[in-house]
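**Student:** Okay, here's what each chain looks like letter by letter:
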Amino acid sequence: MQSQLNDLSIRIGGEAGMGLESSGVGFSQALVRGGLHVFGLPDYHSRIRGGHNFFTVRIARRPLYSHTEPVHLLLALDQETVRRHIGALVPGGAVVYDEKDGLPDIPRRSDVHYFSIPLSKLAEESGGNAIMRNTLVFAVAAGLIGFDPTYIESVARDNFARKGQAVVDSNLRVIAAGVEASRPFQADFPFRMEAAPGAPRRLLLNGNQAFAMGALAGGCRFVSGYPMTPGSPVLEWMAGHAEEYGVVTLQVEDEIAALCMAIGAGYAGVRAMTPTSGGGFSLMVEALGLAGMTEVPVVVYEAQRPGPSTSLATRTEQGDLLFVLHASQGEFPRIILAPGTVEQAFEVGWRAFNLAERYQTPVIVLSDHYLATSIRDVAPEDLDFDAVVIDRGEWLTEAELDNLEGDYKRHQFTESGVSPRAIPGHPKAVHASSSDEHDEYGHIEENAENRRRMHEKRMRKLETARAEMRLPAAYGLNDADLTLIAWGSTYGPLREAVDRLNEQGLRAQMLHFTDIWPVPHGTEALLTGETIAVEGNYSGQFADLLRMATGHTVSRRILKWDGRPISPEYITNHVLRFTNHRKSET
Amino acid sequence: MQSQLNDLSIRIGGEAGMGLESSGVGFSQALVRGGLHVFGLPDYHSRIRGGHNFFTVRIARRPLYSHTEPVHLLLALDQETVRRHIGALVPGGAVVYDEKDGLPDIPRRSDVHYFSIPLSKLAEESGGNAIMRNTLVFAVAAGLIGFDPTYIESVARDNFARKGQAVVDSNLRVIAAGVEASRPFQADFPFRMEAAPGAPRRLLLNGNQAFAMGALAGGCRFVSGYPMTPGSPVLEWMAGHAEEYGVVTLQVEDEIAALCMAIGAGYAGVRAMTPTSGGGFSLMVEALGLAGMTEVPVVVYEAQRPGPSTSLATRTEQGDLLFVLHASQGEFPRIILAPGTVEQAFEVGWRAFNLAERYQTPVIVLSDHYLATSIRDVAPEDLDFDAVVIDRGEWLTEAELDNLEGDYKRHQFTESGVSPRAIPGHPKAVHASSSDEHDEYGHIEENAENRRRMHEKRMRKLETARAEMRLPAAYGLNDADLTLIAWGSTYGPLREAVDRLNEQGLRAQMLHFTDIWPVPHGTEALLTGETIAVEGNYSGQFADLLRMATGHTVSRRILKWDGRPISPEYITNHVLRFTNHRKSET
Amino acid sequence: MVTVDDFASPVRPTWCTGCGNFAIWNAVKRALAQAGLAPHQVMLVSGIGCGSKLPDYTRANGYMTLHGRTVPVATGVRLANHHLRVVCTHGDGDAYAEGLGHMLHAARRNIGLVDIIQDNRIYGLTKGQYSPTSDRGRVSKTSPWGSFELPVNPIALALAAGATFVARAWSGDLQHLTETIVRALGHRGYALIDVFQPCVTFNRQNSYEFYRPRVYKLQDDPDYDVTDKMAAFAKALEWGDRIPIGVFYQVEDRPAYEEQVPSLQAGPLALRPLEKLRPEQVQRLLEEVM
Amino acid sequence: MVTVDDFASPVRPTWCTGCGNFAIWNAVKRALAQAGLAPHQVMLVSGIGCGSKLPDYTRANGYMTLHGRTVPVATGVRLANHHLRVVCTHGDGDAYAEGLGHMLHAARRNIGLVDIIQDNRIYGLTKGQYSPTSDRGRVSKTSPWGSFELPVNPIALALAAGATFVARAWSGDLQHLTETIVRALGHRGYALIDVFQPCVTFNRQNSYEFYRPRVYKLQDDPDYDVTDKMAAFAKALEWGDRIPIGVFYQVEDRPAYEEQVPSLQAGPLALRPLEKLRPEQVQRLLEEVM
Ligand SMILES: Cc1ncc(C[n+]2csc(CCOP(=O)(O)OP(=O)(O)O)c2C)c(N)n1
Ligand SMILES: Cc1ncc(C[n+]2csc(CCOP(=O)(O)OP(=O)(O)O)c2C)c(N)n1
Ligand code: SF4
Ligand code: SF4
Ligand SMILES: [Mg+2]
Ligand SMILES: [Mg+2]
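Chains as they are written, first to last, in this note's numbering: chain G, 1 to 586; chain H, 1 to 586; chain S, 1 to 290; chain A, 1 to 290.
Just chain G, with the same shape it has in the complex:
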């Protein structure tokens, strides 16, 4: 007997080079077109071939924000996949494996199904090529869960159109063969997830794409970068759109040059950014201070991966927070934003450029591998292009400059700390700035009093900016006993954990911070009752930051540092352990 499930995860596993992720994304697209909601999570090694990779797509009839741990259907393209993931299957789940591979020599589970299908052979016969078995096995999956394969066909048509009709046709044959091959097993597989036809079309994208779109919409017109996982897709996305949208993108010799060029462009009046990961950011540290000192707006997109050093290049961590907060010698204002969802990544994409120009200082966007690479469906209006504002802050127009009395002071002392900005090029605004301490004109000046005032002026911008930093978003019960504190990419897992805890009667809420620094006014007042910081790092950096900035000491920390994302189960298990422990104590 098959039961219609509201939540089901399918995992495909195999080696690098088998195209797991791209076929997984294609399948997810089909699911979304079929009116379902998905959350897709890749897991791969830092190597081009071999190794064990997998891709998990979670499917539901309600919007999803996170992956989860249980797997219902395992698509094994090699024995290793069975070996590693058979334990993740729920009772009643099934593994589909290639007849030619056979099963590994490990004990069989009696509570799951083993479906042997000649995947390679069928792919070869129907599509002409055994490597198409990843497409085939997803068609098998569709057949097993009762998902209408025409959606898969439609995606295949779109994705392969530019490769010609022959390629499209062979894909369609492979899909048909897969569905056909699933028939004998359909009755045995207990979980169903049928399409919901007629639903409005939704988008499917990851955090990198959403941020890049937001940045483009927000007027980013210059992107210099050096490839580094997981930040480089933003450079690549921008390069792919450069010509059409009038953006200059360039791959440069190193990250030092990348940020220096963006600063040069920012100085000259163009919204500029550089995407990178922690290792690349390490090389940008000196230039970050240059931007701070000379009051140049610039955005750095830092997609974190585990550290220290090279570590695990294709995995996730939230370990760079205190680093980016304090990076570079001396003190200067900076703004740090950490989006938690695709929607937030889009919004942060354009907000970052406004903040950079309003406060004429660097803005760092902290993403991570989990947010950057996991895909989710959202409604088109969730990427709210209408809400986009381009606010260049105190910007002297051509006309204002024409009428300027006296010499232009690039670093004029003002109450807000922000000095009206002119870009080089106007005859009345000829000016030179300097990384040396300078006077209001930008001339090098060592005088103590000038130094004191100029430093205060710069630092004052931080207080001015603080007023527009957003308080954390609350989710869950208003009058909760338990406050889970999240920042950045853990929004999804925490949100789901809060739901589950509340279902169990724990009275929980989440406070999720996207605006990290300067810490928003009023944060302290929100931190009451039992607070638990949940972070993907070893030491609980955000909890440390909160203590430093507000004096609030969180009650507990739930941390993870194995390079793998935090799941809702990970959080609820830890919370329940705490609370049970407390119960047994009393």
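Calculated directly from the structure, the hints in this document are not laboratory data.
Among the clues, some could well be false.
Unchecked claim - Mimicking EDC-like on lysine to aspartate or glutamate, the simulated pairs with C-alpha atoms at most 16 Å apart in a straight line are:
#	chain 1	residue 1	chain 2	residue 2
1	G	K428	G	D402
2	G	K428	G	E400
3	A	K217	A	E179
4	A	K217	A	D241
5	S	K229	S	E209
6	A	K276	H	D384
7	H	K428	A	D6
8	A	K217	A	E238
9	A	K276	H	E244
10	H	K428	H	D391
11	A	K229	S	E238
12	G	K409	G	E394
13	G	K457	G	E440
14	S	K229	A	E238
15	S	K229	S	E259
16	G	K121	G	D101
17	H	K428	H	D407
18	A	K276	H	D169
19	H	K121	H	D105
20	A	K276	H	D386
21	G	K428	G	D407
22	G	K428	G	E405
23	S	K141	H	E243
24	S	K276	G	D386
25	A	K141	G	E243
26	S	K217	S	D173
27	S	K276	G	E440
28	H	K457	H	E400
29	H	K409	H	D439
30	G	K428	S	D6
31	S	K276	G	E530
32	S	K276	G	D384
To be verified - Among the chain S residues that face chain A by a calculated CB cut under 8 Å, a handful are:
#	residue
33	G101
34	R108
35	R109
36	W145
37	A161
38	G162
39	L237
40	Q260
A virtual CB, placed ideally from N, CA and C, is assigned to each residue, including glycine.
Starting from the known structure of chain G, arrange chains H, S and A with the ligands on it as the hints suggest.
**Tutor:** Quick look at chains H, S and A with the ligands alone, frame taken from chain G:
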């Protein structure tokens, strides 16, 4: 009537290129040979010629730890000096100026003396060169304060010996002429500071020299660096001693290479370091993480100057603390030491290398321009070479390796987190490490469980190290009401401020931290009563760190960010303002 | 008409009397005036060092950046606004130690910069350590035994990197220096001018007296072909009693980087209005992820 | 007798089948064995990239460092212990993008390293972006319009920097590659070997089939003089239907850096006992500041 003073400051001022600092150091040497105690403080611009520079030597009959603000005698080599410093003179003080320069067109003070002496002319006549007037004017000063000029002569003899007898002789004539020229004014100048003959010889040196000596004594044998004020004198000192003491020093292409080379040398088994300032450190950030990840001992000497960016290259600040604490992506153990005096700089010099090797991780020594360049006299036994220990930590000897069973595991899991170390070269210890996450052998390994354990092993070293971190040194009253918290170079000014506050009955003590990170066990317990953090930065970084690490919120912060050092007066004035304010409140 | 006086800044140079930077400063101002470029049409980018203070002493748009990062910052400026004539002025430490990689990448990129190196063959501002162009055997505080490294040969390196304009001049011949800069200002891509700049305080060896009898002008030989790369390499290796100055190599056949970038065909980025995406643009973006 | 098997590591390469790195890996092991160097006498230093994983697959001392920092780390190792034969193996991105400055400074320093570049003219590990040695016009994810930069010419740059050994080899000729490494192992200073390494996954252009008909060996011409720098420059500029491989340039007249350092005359630092200063040494230090 002249009065014998116990504390007297002489300031010489003029332009860069006049040799103020070197003659000031020479004069200080003479004072020390004459049995007096000195504290000498240079103040100069980031330029080679021109600009206003000055050098202040404070003289006393008891050991000094700090400069102070009042000046008793001003030696003006140009009008600018009079203009800028006349206000610093105490009533009864005097300015000596060159007849040919005349006085600037500013109101005369009636409570100070103006001594016009044809300095250039006399220097020319006696020494053959007008530029020797800096030597001459110090001889004038000696005459005025009644200091026996034979000590100045002895220094001139030693310092100019290698330039030949003619040079020595002309210096001696200039000194004689200076003393002679002072005679008409001696009666008018009220302050005396006679030599104390027969005192044991003392050393005169600055923090850079003391640290370099300590490092050499501690076995540092490799120094790679790129010049940067105020760190480069350490590279230069080491280069000057390289041949004699068997050290390899090299000036390299940039700071990235500097730290990478030191890491390479450290990996290969040599005690290695690189000296720099904040800007150079910014470029070392990525490599710092490499050392942390691959467990390579290495020492970075970071002599701070104001930031952000280039800022004020020849001035002082304590603005890099939180930066060096969090520098580089991800998390790894590091140790931070911040000496406060010449004696501590020496001791930290050798301790740093022991800690680096004991915990196989980077050690950062935070100095700053004030400590690095100000000179003080200490007893020879204060640089305690006998106390030096060379402890290489868990180091497998040749013999141990010969008997090694099984393969050598460079990153073996241990309880302390420290893995016994073998350097490359032994046939039984062939191994390769990697900045990628690795297994116990150093092989690249992405497994989650290995990652978790290896990361914990590394981080555990921080806890192991914490046990030997030293608590802050207390100075002043045991049962104080007021605890002034200092770290690094502000030891001297705070110590003196505590004395003065206690003289005024304020019941104060100082807690001075040299061991900054990991924060020593027991720190929290010391932070009681009213605590005031005194720091040379804008935000109070050490106070922030204490709050983050211990939860203790300091009552107040006394800060300074104009690039100039904190004086005892600056501290006492602020403290008195607080306490008076409090009094008027109650 | 632009004149040299248009570039007069209220700030007086702090260089030592006799420093070779004065000539470079004057030459830059003269060359800009001769090229008809007004202060607002120019952007002087420098790093950190004695020579790098030049923009502070000149009335023109300017940016004194980080030690060694002159060229990448200037590249960003140029790509943001290629209507600005971007001129770099920085020291040999800045350009050939920290900045060597950037320079060579700029050369192969052929980005439209005039890159003037104030080559005093010493670290001036940090008080006299040897530099990448110091002679082998140079004694300094960091090389008390005399340096072991072969000096950097900027001319040969720039040629090897594919630079399209490679020249050398010196502070002792203001006229020739000015002409060389004018010629570089007329070049479409990356133009390197290494300038021998006597440092009277820290480098007594490479003084005016050292250079004067040695330098000779390549362009005095009418047969010297500036488009012949092998000839340029041969001249680049010449050193000793006779040292060539002038333009070693110049070709105009490779477009500048900014000329090739599709998105710059419509004019400088900085001068275009910054507007929200149009609805059809938004639509196209959304369709990519449907 | 050292054999190739002595270098066998338990870790299996993760390179794609057909990757040119296999040949380089085999050649390194063979060359070391031929040179009679045992694993403990060798130190392999690499950066980050596909090719940089070579030390993980080889039983020898090794250190996989940072992307682009191979050469400075190796320099530190060599200066700490010049009894170790230090061999660098890293990619073209590592060596010629992030690391270009370091390489050229190593060359003028003439530090005793064998520097093998796995030049696949692409970024392998980050999945196919164009690299500094990619042909102009290369289409990749970061250069959809075709790259605009002239490729780096490592041979010419190394020559211009004053390298004393400059060679090229390729993965398609294991024998010649091995010989070239053996020859470099016998060189006293810095030795660059740029190796054409086909990347079968991301660079279909520069395949075995591309190189095989084009490469020819410089040493096949008995008249080719490896000590003639101008000849080497001429060959360095040769590109197209015929591409020279072999040793372009080799001179032994310049001592290696480590041979010149006074404090290394007594043997490697790492092998000397580390002891406290002797009383007379302490005394001398104290007297300096009295
Ligand atoms: C990252 C960094 N490292 C070092 C310094 C210190 N520094 C300032 S100028 C300079 C060298 C100056 O030499 P050069 O570039 O030749 O310029 P010059 O003063 O000779 O004109 C150095 C090393 C710095 N400002 N930043
Ligand atoms: C500082 C830094 N920037 C970027 C990266 C990401 N990264 C890893 S390997 C690589 C390039 C690989 O190309 P190459 O050096 O040619 O080696 P290949 O993989 O082609 O052998 C890059 C950019 C990194 N690890 N560190
Ligand atoms: S130190 Fe040398 S380069 Fe610097 S200003 Fe003086 S003469 Fe010029
Ligand atoms: S991607 Fe290219 S370089 Fe990397 S292993 Fe595969 S074939 Fe080799
Ligand atoms: Mg110079
Ligand atoms: Mg490559």
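**Student:** Now, for every hint given, state plainly whether the structure supports it.
**Tutor:** Each hint tested on the structure:
no., hint, result
1, K428(G) / D402(G), "holds (7 Å)"
2, K428(G) / E400(G), "holds (10 Å)"
3, K217(A) / E179(A), "holds (12 Å)"
4, K217(A) / D241(A), "holds (14 Å)"
5, K229(S) / E209(S), "violated (31 Å)"
6, K276(A) / D384(H), "holds (12 Å)"
7, K428(H) / D6(A), "holds (13 Å)"
8, K217(A) / E238(A), "holds (13 Å)"
9, K276(A) / E244(H), "holds (14 Å)"
10, K428(H) / D391(H), "violated (23 Å)"
11, K229(A) / E238(S), "holds (12 Å)"
12, K409(G) / E394(G), "holds (13 Å)"
13, K457(G) / E440(G), "holds (10 Å)"
14, K229(S) / E238(A), "holds (12 Å)"
15, K229(S) / E259(S), "violated (23 Å)"
16, K121(G) / D101(G), "holds (11 Å)"
17, K428(H) / D407(H), "holds (7 Å)"
18, K276(A) / D169(H), "violated (41 Å)"
19, K121(H) / D105(H), "violated (23 Å)"
20, K276(A) / D386(H), "holds (9 Å)"
21, K428(G) / D407(G), "holds (7 Å)"
22, K428(G) / E405(G), "holds (9 Å)"
23, K141(S) / E243(H), "holds (13 Å)"
24, K276(S) / D386(G), "holds (9 Å)"
25, K141(A) / E243(G), "holds (13 Å)"
26, K217(S) / D173(S), "holds (11 Å)"
27, K276(S) / E440(G), "violated (33 Å)"
28, K457(H) / E400(H), "violated (23 Å)"
29, K409(H) / D439(H), "holds (9 Å)"
30, K428(G) / D6(S), "holds (13 Å)"
31, K276(S) / E530(G), "violated (44 Å)"
32, K276(S) / D384(G), "holds (12 Å)"
33, G101, "holds (4 Å)"
34, R108, "holds (4 Å)"
35, R109, "holds (5 Å)"
36, W145, "holds (6 Å)"
37, A161, "holds (6 Å)"
38, G162, "holds (4 Å)"
39, L237, "holds (7 Å)"
40, Q260, "holds (5 Å)"
This entry does not satisfy hints 5, 10, 15, 18, 19, 27, 28 and 31, going by the numbered hints stated previously.
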